[in-house]
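Protein chains: 2
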Amino acid sequence: MIQRPRGTRDFGPDEMETRRYLEGLMRLQAGTFGFREISTPIFEYAKLFTIKSGPNILEEMYAFKDKGGRDITLRPELTAPVMRFFVNELTDVPRPLKVFYIGPCFRYERPQSGRFREFYQFGAELIGAQNPESDAEVIALAASIMEKAGLKDYRIRIGHIGILRKKLKDAGVAPEMVPSILQKLDKKLFDEARSIMEQAEMSDGSIDEVVGITNIAGPVSVLDDFEGESKDYLQGVARILDASRVKNPQIDLGVIRGLDYYTGIVFEIDVPKLGAEKQVCGGGSYSLSELFGGETVFSTGFAIGFDRTILALEKEGFKAPRRAVEAYVIPVSEGMREKALGITSMLRAKGIAADVDLMRRNLAKNLKYANSIKARKAIIVGEKELETQSVVVRDMETGEQRAVKIDDLADFFVKCGGNGV
Amino acid sequence: MIQRPRGTRDFGPDEMETRRYLEGLMRLQAGTFGFREISTPIFEYAKLFTIKSGPNILEEMYAFKDKGGRDITLRPELTAPVMRFFVNELTDVPRPLKVFYIGPCFRYERPQSGRFREFYQFGAELIGAQNPESDAEVIALAASIMEKAGLKDYRIRIGHIGILRKKLKDAGVAPEMVPSILQKLDKKLFDEARSIMEQAEMSDGSIDEVVGITNIAGPVSVLDDFEGESKDYLQGVARILDASRVKNPQIDLGVIRGLDYYTGIVFEIDVPKLGAEKQVCGGGSYSLSELFGGETVFSTGFAIGFDRTILALEKEGFKAPRRAVEAYVIPVSEGMREKALGITSMLRAKGIAADVDLMRRNLAKNLKYANSIKARKAIIVGEKELETQSVVVRDMETGEQRAVKIDDLADFFVKCGGNGV
Chain A
37 MIQRPRGTRD
47 FGPDEMETRR
57 YLEGLMRLQA
67 GTFGFREIST
77 PIFEYAKLFT
87 IKSGPNILEE
97 MYAFKDKGGR
107 DITLRPELTA
117 PVMRFFVNEL
127 TDVPRPLKVF
137 YIGPCFRYER
147 PQSGRFREFY
157 QFGAELIGAQ
167 NPESDAEVIA
177 LAASIMEKAG
187 LKDYRIRIGH
197 IGILRKKLKD
207 AGVAPEMVPS
217 ILQKLDKKLF
227 DEARSIMEQA
237 EMSDGSIDEV
247 VGITNIAGPV
257 SVLDDFEGES
267 KDYLQGVARI
277 LDASRVKNPQ
287 IDLGVIRGLD
297 YYTGIVFEID
307 VPKLGAEKQV
317 CGGGSYSLSE
327 LFGGETVFST
337 GFAIGFDRTI
347 LALEKEGFKA
357 PRRAVEAYVI
367 PVSEGMREKA
377 LGITSMLRAK
387 GIAADVDLMR
397 RNLAKNLKYA
407 NSIKARKAII
417 VGEKELETQS
427 VVVRDMETGE
437 QRAVKIDDLA
447 DFFVKCGGNG
457 V
Chain B
37 MIQRPRGTRD
47 FGPDEMETRR
57 YLEGLMRLQA
67 GTFGFREIST
77 PIFEYAKLFT
87 IKSGPNILEE
97 MYAFKDKGGR
107 DITLRPELTA
117 PVMRFFVNEL
127 TDVPRPLKVF
137 YIGPCFRYER
147 PQSGRFREFY
157 QFGAELIGAQ
167 NPESDAEVIA
177 LAASIMEKAG
187 LKDYRIRIGH
197 IGILRKKLKD
207 AGVAPEMVPS
217 ILQKLDKKLF
227 DEARSIMEQA
237 EMSDGSIDEV
247 VGITNIAGPV
257 SVLDDFEGES
267 KDYLQGVARI
277 LDASRVKNPQ
287 IDLGVIRGLD
297 YYTGIVFEID
307 VPKLGAEKQV
317 CGGGSYSLSE
327 LFGGETVFST
337 GFAIGFDRTI
347 LALEKEGFKA
357 PRRAVEAYVI
367 PVSEGMREKA
377 LGITSMLRAK
387 GIAADVDLMR
397 RNLAKNLKYA
407 NSIKARKAII
417 VGEKELETQS
427 VVVRDMETGE
437 QRAVKIDDLA
447 DFFVKCGGNG
457 V
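Chains as they are written, first to last, in my numbering: chain A, 37 to 457; chain B, 37 to 457.
In short, the hints are calculated from the structure, not lab data. Keep in mind it's a predicted model, so treat the numbers as computed, not measured. In this text, a Cβ means the ideal position worked out from N, Cα and C, and glycines have one as well. Errors might be hidden in some of the hints.
As the list claims (entries may be wrong) - Quick partial rundown of chain A residues pointing at chain B, CB under 8 Å, derived from the structure:
1) Ile74
2) Leu84
3) Asp102
My request is simple: use the sequences and hints to build the entire structure.
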């Protein structure tokens, strides 16, 4: 047997129905917010991601040389490709440009629970605006997707990376030391963060202040005693979210997001019951286009971990609606075969999901198969009923049977709610 | 600027709306036929494809070594991954197992018109049946997708590879020479095919007969004068397709499909107006599972070139339905901003696609932006109307304006047909 590569998955019909349902719901919701879908290639030049995230990311990527010797990589995320697309082709589109995407991304790491080498992301980017309402718009979309999906227990935590950046700058920290300090703070490694801040010759008071800021978390009122230029901005975002009926957004100035290009608002959505892998969404406002050769354009975006969101929903007992086979058509004898195929085809032409015996089985075995594919009804095509242009319709759940005229069959199924269109 | 890799594409919002529409239609139609979706990884062990198609396929694939030294490749097609999935995990599922898939595939070749290094395939496999009705089922699904998509000018050509295989066997051709003969006949390279058949010590009469068979093409009646054991089978398939209202399927015994694992029926769908790249679908009945370590299981399947199908539809003037922004909400002054955001949020909560000024523009510029995103209506939120809990709704096409109570807004848009749910 040939196995599939480690850290990848095959999805069977039930899983795919759930995934496509959630994907459709995200797409619909993004459209309701005026975002439109775009798509970029599965692989990119590796440079695109090393420019954005530094050369270390090469170790975590599926990077390879193509037959022309070019450094190619399977995409590890989708913000960089979207901004490349924007810089190369979409700068003339009226702004803000509101786009979303969904698709597989790849990282080379040890496969473990809830983390796969091939994983799926849904994300949105609002390109070309920078104010509390554009940031709130993006957070509200992320939240509304969780709501529409029916997720009950999630937390939205909103911070502002500009606050820490300004404190570090005011304390005289050299710009090249800022990223490593923020990375340690992001991971709550306070001792290591302190030691770098000491190397950067910050005063003990400033260091305490920086660490203190990362611990400010709670309802919007935690900002009341906080002084800083981004306070009004954060409060503005929170006020709009409240007016937009976003449920209980929390302030958390410890939300840092480890990457250099975030400039202002940063936010995360957690699902506590997922444990260590609880973060299902992360985002913020950023400026990336200039790294890819464009002008500076401020944007706000997020990515939702599609797989983890499904995991979270399933832990809450979520079941996606299923499209059932409405009718499984069974010829009782060889002579009825073409009639059965004709009836199946007639039902399908009306958009009714129908299947038919393709194995030349007897009635009992056909009923067993109909049961296994969870068909709602069986249509039994027999000589006797055909004399009156009828067939027997059997309810697969109750076993109840009744004769129905072939001419009335389509209407019968539409009335049962079985119209697939 | 960082370019995207050669032979790949970015898809903007209009293109994606067309692609997702067609994808949705294919998914719906496959479901109507009782097929269910599955999904496999973007990359596989290279072995999976060399076992199926021979080592030459390595030259045409994006093959690389992962960091563990394993030979990996971006999938060039999806039948082999689906059969791997079947052999490894789905052999206990009641048969026939009816599955479909859609997604990107990859081949390393010179990019040219209509051929991309990253391209999309939709396909279906009916696993575990082998008779005229199961073959007809698969052909009927492919045809019904073309019909539902609204494609007007396409040709279905059906052959049977068993006919030529038997002729060659009866003429004493060694099994290892059969593939190269069929490959030449597939490409209509008759001189080369003849020369190999001569090497295989076939008589001139047998050679003429084989070449003659590949020229038998036309309506089902061309089989009337043909003698061969697969004649009844082909006629049976044609009769079922006729009963299933498949439009004008043609017989073409020259349809060969260059691959070893086809065993019986083979078929192609062409769109003549696409010229040299006219084939939009190819398929047939095959046996692959034993190559991947499973038992022999007969299947029938096809793959549709998604990109070419869109190209064909667009050449016929096809336009996918668009989901418009129903309402673009404009605050006339700073004081109206939160009210405008609240109205937007209220409309969205009812499933109405709504957008709002996020750039703090003046009315004229906002109307220009509303126009650029093709919003159907603008909602102008001004102090004066707000005194009576009203807003001005402006039809973006006619310029007509009217006052609407905020409480009546959602109903107003639903009545306009603007309910996005």
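Check: Can you name, in rising order, the numbers of the hints this structure does not satisfy?
Finding: none
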